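A.B. asks: So the protein lines, in turn, are chains A and B. FYI, the numbering for the first sequence is 70 to 447, going by the working numbering. FYI, the numbering for the second sequence is 9 to 309, going by the working numbering.
The hints are simulated quantities; they were obtained by calculation from the structure and are not laboratory data. What you are looking at is a predicted structure, and each value in this text was computed from that prediction instead of being measured. Incorrect hints may have been included.
Stated by the list, open to error - Here are the simulated DSS-like pairs of lysine-lysine, each with C-alpha atoms no more than 27 Å apart in a straight line:
no.: 1; chain 1: B; residue 1: K309; chain 2: A; residue 2: K108
no.: 2; chain 1: B; residue 1: K309; chain 2: B; residue 2: K295
no.: 3; chain 1: A; residue 1: K108; chain 2: B; residue 2: K95
no.: 4; chain 1: A; residue 1: K108; chain 2: B; residue 2: K305
no.: 5; chain 1: B; residue 1: K295; chain 2: B; residue 2: K305
no.: 6; chain 1: B; residue 1: K115; chain 2: B; residue 2: K93
no.: 7; chain 1: B; residue 1: K95; chain 2: B; residue 2: K115
no.: 8; chain 1: A; residue 1: K162; chain 2: A; residue 2: K142
no.: 9; chain 1: A; residue 1: K436; chain 2: B; residue 2: K93
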Amino acid sequence: MTTQLQHTQTGQTHSRQLGAAQAAWLVAEREITTKLRSKAFLISTGVLLLLVLGTVLFGGISSKMGGFGGETKVAVVAETADHVNSEAFEVVKVADRAAAEQAVLSEQVDAAVVPGGDTPVGLTVLAADSPPMSLVQALSASPQVELLKPTTENPMLAYFIAIAFGIVFMMSAITFGTTIAQSVVEEKQTRIVEILLATVSARTILAGKILGNSILALGQVIAIAALTSVGMLATGQDLLLGELGTALIWFAILFAFGFVLLASLYAALASLVSRQEDVASAVSPVMWLVMIPYIAIIMFNTNVKVLAIMSYVPFSAPVGMPMRLYLGTAEWWEPVVSLGILVVAIAIVWWLGARIYERSILRTGAKVKLKDALAAKE
Amino acid sequence: MIELNGITRSFGDRQVLDDVTFSVAGGRMTGFVGGNGAGKTTTMRIILGVLAQGSGTVTLDGQPITAGDRSRFGYMPEERGLYPKMKVAEQLVYLGKLHGLSAAAAKSEVDGLLERLGLAEREGDTLESLSLGNQQRAQIAAALVHRPIALVLDEPFSGLDPMAVDVVLSVLRDYAAQGVPVLFSSHQLDIVERLCDDVTVIGGGRILASGSRESLRAQHSGREFEIELTGAAADAGWVRDQAGISLTHLDGGYARFEAENDAAAQAVLARAVTGSADGTQVLRFGKLTPSLAQIFKEVVK
Numbered sequence: 070m071t072t073q074l075q076h077t078q079t080g081q082t083h084s085r086q087l088g089a090a091q092a093a094w095l096v097a098e099r100e101i102t103t104k105l106r107s108k109a110f111l112i113s114t115g116v117l118l119l120l121v122l123g124t125v126l127f128g129g130i131s132s133k134m135g136g137f138g139g140e141t142k143v144a145v146v147a148e149t150a151d152h153v154n155s156e157a158f159e160v161v162k163v164a165d166r167a168a169a170e171q172a173v174l175s176e177q178v179d180a181a182v183v184p185g186g187d188t189p190v191g192l193t194v195l196a197a198d199s200p201p202m203s204l205v206q207a208l209s210a211s212p213q214v215e216l217l218k219p220t221t222e223n224p225m226l227a228y229f230i231a232i233a234f235g236i237v238f239m240m241s242a243i244t245f246g247t248t249i250a251q252s253v254v255e256e257k258q259t260r261i262v263e264i265l266l267a268t269v270s271a272r273t274i275l276a277g278k279i280l281g282n283s284i285l286a287l288g289q290v291i292a293i294a295a296l297t298s299v300g301m302l303a304t305g306q307d308l309l310l311g312e313l314g315t316a317l318i319w320f321a322i323l324f325a326f327g328f329v330l331l332a333s334l335y336a337a338l339a340s341l342v343s344r345q346e347d348v349a350s351a352v353s354p355v356m357w358l359v360m361i362p363y364i365a366i367i368m369f370n371t372n373v374k375v376l377a378i379m380s381y382v383p384f385s386a387p388v389g390m391p392m393r394l395y396l397g398t399a400e401w402w403e404p405v406v407s408l409g410i411l412v413v414a415i416a417i418v419w420w421l422g423a424r425i426y427e428r429s430i431l432r433t434g435a436k437v438k439l440k441d442a443l444a445a446k447e
Numbered sequence: 009m010i011e012l013n014g015i016t017r018s019f020g021d022r023q024v025l026d027d028v029t030f031s032v033a034g035g036r037m038t039g040f041v042g043g044n045g046a047g048k049t050t051t052m053r054i055i056l057g058v059l060a061q062g063s064g065t066v067t068l069d070g071q072p073i074t075a076g077d078r079s080r081f082g083y084m085p086e087e088r089g090l091y092p093k094m095k096v097a098e099q100l101v102y103l104g105k106l107h108g109l110s111a112a113a114a115k116s117e118v119d120g121l122l123e124r125l126g127l128a129e130r131e132g133d134t135l136e137s138l139s140l141g142n143q144q145r146a147q148i149a150a151a152l153v154h155r156p157i158a159l160v161l162d163e164p165f166s167g168l169d170p171m172a173v174d175v176v177l178s179v180l181r182d183y184a185a186q187g188v189p190v191l192f193s194s195h196q197l198d199i200v201e202r203l204c205d206d207v208t209v210i211g212g213g214r215i216l217a218s219g220s221r222e223s224l225r226a227q228h229s230g231r232e233f234e235i236e237l238t239g240a241a242a243d244a245g246w247v248r249d250q251a252g253i254s255l256t257h258l259d260g261g262y263a264r265f266e267a268e269n270d271a272a273a274q275a276v277l278a279r280a281v282t283g284s285a286d287g288t289q290v291l292r293f294g295k296l297t298p299s300l301a302q303i304f305k306e307v308v309k
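With the hints as extra help, turn the sequences into a complete structure.
C.D. replies: Set out below in structure tokens:
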């Protein structure tokens, strides 16, 4: 062996104990670079972002076109021309009823309006097999409606926005929660954690893992929010974006903190098992915590009481509070209070999670019982 | 120098370490031997602070060992582990940085180590794509990447071919030569015998023997001697009739025997030298020193 080790030439050591923050950042950095290099992750993120952009663009374009298939074509004769609003329908003038019937049957128009009929309106709508409801409604005599508590929200739109918040929350939480769980078990299974523990503390490793995956998760959510905003602006939905703006910002903030909470749980539960095959069953309790807000927001997106509760429960706040902000049922200070509750919850869960992680990470073999991991004695 | 003093440790009701006391001197290689479940790994984990001891102290150069000291130790755990899907050089650099090296220092350290361990051309491969022997070399590199101030290696030679053993040996000797305390465990007693300066034997959670290789040999050498005669009619059969001697093995001119005392043994030699009228000569005579394997078997019993 002719090559000498470098340190025999310089004769000194450079190693030293890193500060906890520095070490945690190194761990976080590894989590992030490993994930960003994973082809599967990049592809699935790309597909997700494309889907989001596609949905927003589709929504924008179809709302401009006034629904599917464009405007309804209506044939009118001289007597009925004044009754059909030419802004709402594409009006085609024909000579008489025979010509109108011809136009409907030849599918040149969707319907025709001719004089006559037994109703007080004194008009008859001709259609091939089913009359366009919008036309019938426009020509019907309706009572006057006076809204005492008007809302600008379209209930369908609110429903879709609820689903969107729910899906983004659930997908990002599960994607990165699973990542952190697998990463914990990988280190436990390969025992590299023993080498890591010899130089940094278990809490530091755990903090680094949570930090790294939270940054990734938040990055993804911000990318989705940004893409949604850009897509809305590009398709002229600025009004909707204006209404959604605050909700989107709070969604990102509450998601960031909510994810830290979930990630602590994912990591702690994963540290109980020693094999990748057991990860799924170990983290299933926290999986429910992720799914329940999603299901609840779809079922109760118009129920003010349930939404109010959801917006304060730490696990569902990232979905519930933005929804209320969008609907305008939350005061400005409510998300701040909700964030405060979330932070307290993080402190408690972090304390418990770190305790479980510390006590389980070296116990390989059979699944460590939660009770044993939490027990006072090591 | 690392010193362990009165270390105990239990897992539940099972006591795995009982008053473990020994030291690992700087500049010397200390072999740590013991059967399966004797407590080697637990002891090493306690030195590294990966496990906490029930009672007792670990000191480095007379001072209680700190987390800061430990972060500068080099450790190779019994269960091998590195990131399977990470590139070899990359994860070594990561470990170096975790030990406080700058990125540049870690990189140059890793390059030097991989070169020396014969892994330089595999540095860009993922760990899982390496052969077991090469994974083992990477594991050793992981323990050395930050220029440790002490080395604790659990079975560093298992899974290595003889050439790799020599490479690793020479690297470890270099560390010891710089005054670094090196503690390693091994089941391969012949390697321990060849390599170590000091030996500590553990069994059932207790230290059964500890000291320099020579002093252990001297302590455990019994009263057994051997003599070999050469010549046309060499026959050592007469040894059995000597006073205070009991013959244990006889093969023509060769005899192994136990002597009640040194005088009785000397009498055998004197007779062999003087009583050889037929031209028989003494080829060798001496006290038998036990091999480490023999000492091990004896103390573990």
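A.B. asks: Let me make sure I understand: some of the numbered hints might not hold for this structure. Which ones are they, in numerical order?
C.D. replies: 1, 4
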